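Novice: Please put together the full structure from these sequences, using the hints given.
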Amino acid sequence: MSYAARFSLSLGRLAAAVFLSLVFTTLLLLVSGAPPLHTFAILFAGGIGSVAKLGQTIAVWIPLVLCSSALLLTFAPGLWNIGIEGQIILGAIFATGFLRPFPAGASPLVLAGALIAGMIGGAFWAYIAGVLRTWGRVHEIFGGLGLNFVALGLTLWLIFGPWRRPGVASMSGTEPLHPSLWLKGIKGFSLSPVSLVLALLAIFLVIYLLRSTRWGLSLKAVGQNPEAALLYGLKPNKRIVEAMALCGALAGLAGALQVVGVYHRLLPAISSNYGYTALLVTMLASFRPNLIPPICFFFAVLNVGSIQLPLQLKLDSSLSGVIQGVLVLSIFLVHGLEERWQLLRRQK
Amino acid sequence: MRVEFQDIHKDYGRVRANVGINLVLEPGRIYGLLGENGAGKSTLMRMLAGHTQPSRGRVLFNGKNAEGLNPSRALAMGVGMLYQDPMDFPALDVWENFRLGGTKRDKKRTLSRLQELGERFHFRLSPQEKVSELTVGERQQLELLRLLDLGVKVLILDEPTTGISVTQKEMLFTTMRQLARDKGRTIIFVSHKLTEVEELCQEVIVLRQGRLVAKLQSPFQSDELLKLMFGDEHGGTAECPERSQPGEGEFIQLEDVQLLGDKYILPDISLQIRPGEILGLAGLEGSGQELLLRGLAGLARAAKGRIIFDGEEFQGRPYLKFRQAGIHFLPAARLEHGLFPDLSLNEHFHLAFPPRNGGRDNLLPEEGIRKFSIQGQLTTSARALSGGNQQRLLLALIPAQTKLLLLEHPTRGLDHGAGQQVWNHLLGRCRQNTALLFSSADLDEIKAHSHRVLIFYNRQLVADLPNHAISVEEMGRLMAGQGRAV
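Chains as they are written, first to last, in our numbering: chain A, 41 to 388; chain B, 272 to 757.
No wet-lab data here; the hints were simulated from the structure.
Everything numeric in this text was worked out from a predicted model, so none of it was measured.
Glycine included, each C-beta is placed from N, C-alpha and C at the ideal position.
One or more of the hints may lead you astray.
Dumping the calculated DSS-like pairs for lysine-lysine here, alpha-carbon to alpha-carbon at most 27 Å [stated by the list, open to error]:
| hint | chain 1 | residue 1 | chain 2 | residue 2 |
| --- | --- | --- | --- | --- |
| 1 | A | Lys-260 | B | Lys-592 |
| 2 | B | Lys-335 | B | Lys-440 |
| 3 | A | Lys-275 | B | Lys-592 |
| 4 | B | Lys-454 | A | Lys-275 |
| 5 | B | Lys-674 | A | Lys-275 |
| 6 | A | Lys-275 | B | Lys-534 |
| 7 | B | Lys-575 | B | Lys-592 |
| 8 | B | Lys-424 | B | Lys-440 |
| 9 | B | Lys-401 | B | Lys-534 |
| 10 | A | Lys-278 | B | Lys-498 |
| 11 | B | Lys-486 | B | Lys-498 |
Some residues of chain A that are not near chain B, with every Cβ distance over 12 Å (derived) [stated by the list, open to error]:
| hint | residue |
| --- | --- |
| 12 | Arg-53 |
| 13 | Thr-65 |
| 14 | His-78 |
| 15 | Leu-149 |
| 16 | Ala-152 |
| 17 | Leu-185 |
| 18 | Val-190 |
| 19 | Ala-209 |
| 20 | Pro-219 |
| 21 | Gly-225 |
| 22 | Glu-267 |
| 23 | Leu-270 |
| 24 | Leu-351 |
| 25 | Leu-369 |
| 26 | Glu-378 |
Reference excerpt, derived from the structure (chain A facing chain B, CB under 7 Å, subset only) [unchecked claim]:
| hint | residue |
| --- | --- |
| 27 | Thr-253 |
| 28 | Gly-256 |
| 29 | Leu-257 |
| 30 | Tyr-272 |
Specialist: This is the structure in structure tokens:
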């Protein structure tokens, strides 16, 4: 099949999945007594209704794109890097730790250092999961899940322990950073152009690595057939650890950007579950890089727009999560039905 | 049960797998189904067992139309198939596996039924053993008993003699004769092996290119059967190119090597191999030949002894060092272990031949596809290739500087022509002083191509003889643990 044909097939599946989940969500809204059309209108107006809201949406889009494109690297060799959530958190912790010696502010160079520290933190956490998998024979799903809890525990311990605010240790996080260590937004927005550029760079980097380098091809080969990869001398274990570490670095960057660009402190919920959401995005995109930015945008609109639901309709904002989950289930269902249909046709 | 195929057609897209087959199978007879790969044998049998439906035509059981057949309905009507790879559950106990899908019984009754059936056919299966601990032959016996317990009237056996011992084969044949004679069962024996078909079957059905070309009564003429299977152009007994003489010197030496495998240990191997020499490895599956090949490839660890290539010691070194020294291993399961199913031909060439020192000294993808006559394009995925083309792709991916080639079943599953192409290429390599070790379940292949024969029995190397010093019959005896030891 040609590239264009495969791409349009992916798009077709996506359209079918969107339709399916729309039907399901409408039913759900009818059952809960909310007017469906009005609810959808509020959702989208809340996400893209004004320039300010669009800015918020793009601010959510950035970590989602960073994490989703990072996950392409681990999906290529067939890894389920569910530990990406913890890798985001470690990025945030390392960045915060790097900036703590400068309570009175410092130069932008220090800020850059914090981003690099965040990348190292995320890579380190992913490296552990990778080594657990290749050396310790712990499946990356279990290793990652365990490390996510450890990362969360570590954040809480830091916030309520050594890094607590003087006098008031609380869920509201650590002492805010000195404003000179904030990643400045465009005037009037909480959106930093630096973050935007980094996210775009990340996705292009991943596309380049996977499509045009021998390393990327080796990753895919490992995912296709680890035993053959060993025979071809592609060092599958080394490739797995590398893919994990690079994925972790990008996730760590997302975490660091949340600290310096959005919250300006370390929070218990610093990852905002973007790692899990990114897993959904990547699956919904059928692991195709070019579908990642639009899907991330759609998910970001849902996330930001859903904030309006409790205010205007007294609906819970978790509706956005429901829609996202249903979408992913729908795409798998579409895949499954397609296979069934082909099987039936072949038997005829 | 009387089975009748009426004008059966089966198309897979543009491929015509079965074309207008008319055939009647009577109860109480043993039929041989012959044909090269892709002749349509499996398709026909899969239709009988309900795995697929004909595009046109009907299958009748005792004169009744069997429409909309699926595997469970076929089984309910009395059609059972013994697959090449036993369809069982390795994690279960023998008796549990026996009970699956069968009549509902408690453990006690299951055990006594299993014992009763086992005794009738002289199969010795211990009910409490795990299926995973049985040999291929024993697993086949278990599956056979399970099918008989379900009351099958038509029994299809797909290449049942691969991987089982000579005694087990004899027992299987006796059982088949008993079932056909005493119980009036229809038996269909699908095989490549002429001698076995001649020995067992009363009638033989030959398929070629999806068509039924002959239905003959015993006794059969081998030449005639070969001609029917392959057409005149193959002639059946075509000569293989001449083997070259091995070169001088012993460039590979194994001294009292003990190899550690996943499942067993292969002790005390001492061996010398000369450049260009061809060694055939004979033995039942799991007898040690697999481990020797993997040990020489650096994929299994040597616990003791020395492995010497070109005067350098290699034991304990990682696989990549073996590979860099010019040792190349091709596993038996091509798509499962040797290729990347969804990657393209082009990507395979890129992975196999990393660009080194600026230029590449190896095959370009286009060249490789042409030179090895692989039917596919640069963008074709490995999965879409036929078995023969997959094997040619693997051959094309062997680096030119390879000094030792290790092959597991190099022609397994290939038809006559494709197998010969493989050997043409391999013999060409050996003329350029590449040494070759290959394992095969086909003793004629070993006899035809090796300078020396290594025979394995019970996870030991029991014989190392020059080709002229041993006959195929003798190989068979040694593999089964009988006869002289050297």
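Novice: So, for every hint listed, does it hold in this structure?
Specialist: Hints, one by one, checked against the model:
Between Lys-260 of chain A and Lys-592 of chain B the alpha-carbon distance is near 24 Å, which keeps this suggested pair within the 27 Å criterion. A hinted pair counts as satisfied when its Cα atoms are at most 27 Å apart, and Lys-335 of chain B with Lys-440 of chain B does not qualify at roughly 35 Å. Using a Cα cut-off of 27 Å, the hinted pair Lys-275 of chain A and Lys-592 of chain B holds, with the two alpha carbons roughly 12 Å apart. A threshold of 27 Å between alpha carbons decides the hint, and for Lys-454 of chain B with Lys-275 of chain A the separation of about 57 Å lies outside it, so the pair is violated.
With a CA separation close to 22 Å, the supplied pair Lys-674 of chain B and Lys-275 of chain A stays within the 27 Å bound. Between Lys-275 of chain A and Lys-534 of chain B the CA atoms are separated by roughly 24 Å; this keeps the pair inside 27 Å, and the hint holds. Among the hinted pairs, Lys-575 of chain B with Lys-592 of chain B is consistent with the structure: their alpha-carbon atoms are about 19 Å apart, no more than 27 Å. Between the alpha carbons of Lys-424 of chain B and Lys-440 of chain B the distance comes to roughly 21 Å, so the proposed pair stays at or under 27 Å and holds.
Taken as a hint, the Lys-401 of chain B and Lys-534 of chain B pair is honoured in the structure, with Cα atoms around 15 Å apart against an allowance of 27 Å. Simply put, Lys-278 of chain A and Lys-498 of chain B have alpha-carbon atoms about 53 Å apart, too far for the 27 Å limit, and the pair is violated. Taking the CA atoms of Lys-486 of chain B and Lys-498 of chain B, the gap is near 14 Å; set against the 27 Å cutoff, the hint holds. Separation of Arg-53 of chain A from chain B is adequate, the least Cβ-Cβ distance of about 17 Å exceeding the 12 Å criterion.
No beta-carbon of chain B is positioned within 12 Å of the beta-carbon of Thr-65 of chain A; the least distance is around 34 Å. Against chain B, the non-interface label of His-78 of chain A holds: every CB pair exceeds 12 Å, the least being about 45 Å. A cut-off of 12 Å between C-beta atoms confirms that Leu-149 of chain A is not in contact with chain B; the least separation is 39 Å. Listed as outside the interface, Ala-152 of chain A is consistent with that label: its C-beta sits roughly 35 Å from the nearest C-beta of chain B, beyond the 12 Å cut-off.
With a cut of 12 Å on Cβ distances, Leu-185 of chain A stays outside the contact zone with chain B, its closest approach being about 26 Å. Every beta carbon of chain B lies more than 12 Å from that of Val-190 of chain A, the smallest distance being close to 33 Å; the non-interface claim holds. No Cβ of chain B approaches the Cβ of Ala-209 of chain A within 12 Å, the least distance being about 52 Å, so the stated non-interface status holds. Interface exclusion of Pro-219 of chain A from chain B stands, the closest Cβ pair being 51 Å apart, more than 12 Å.
Interface exclusion of Gly-225 of chain A from chain B stands, the closest Cβ pair being 43 Å apart, more than 12 Å. Against chain B, the non-interface label of Glu-267 of chain A is violated: not every CB pair exceeds 12 Å, the least being about 5 Å. Non-interface call for Leu-270 of chain A relative to chain B: violated, since the shortest CB-CB distance, roughly 7 Å, does not exceed 12 Å. No Cβ of chain B approaches the Cβ of Leu-351 of chain A within 12 Å, the least distance being about 48 Å, so the stated non-interface status holds.
The claim that Leu-369 of chain A is not at the interface with chain B holds, since no C-beta of that chain comes within 12 Å of its own (minimum 25 Å). Once the 12 Å rule is applied to beta carbons, Glu-378 of chain A is consistent with being away from chain B; the minimum gap is 17 Å. With a cut of 7 Å, the hint placing Thr-253 of chain A at the interface with chain B is violated, because the nearest CB-to-CB distance is about 11 Å. Annotation: interface hint on Gly-256 of chain A violated; nearest CB of chain B at approximately 11 Å, more than 7 Å.
The beta carbon of Leu-257 of chain A comes within 6 Å of a beta carbon in chain B, closer than 7 Å, and the hint placing it at the interface holds. Look at Tyr-272 of chain A: its Cβ gets to within about 5 Å of chain B, closer than 7 Å, so that hint holds up.
Figure legend: structure checked against the earlier numbered hints; hints not met, in rising order: 2, 4, 10, 22, 23, 27, 28.
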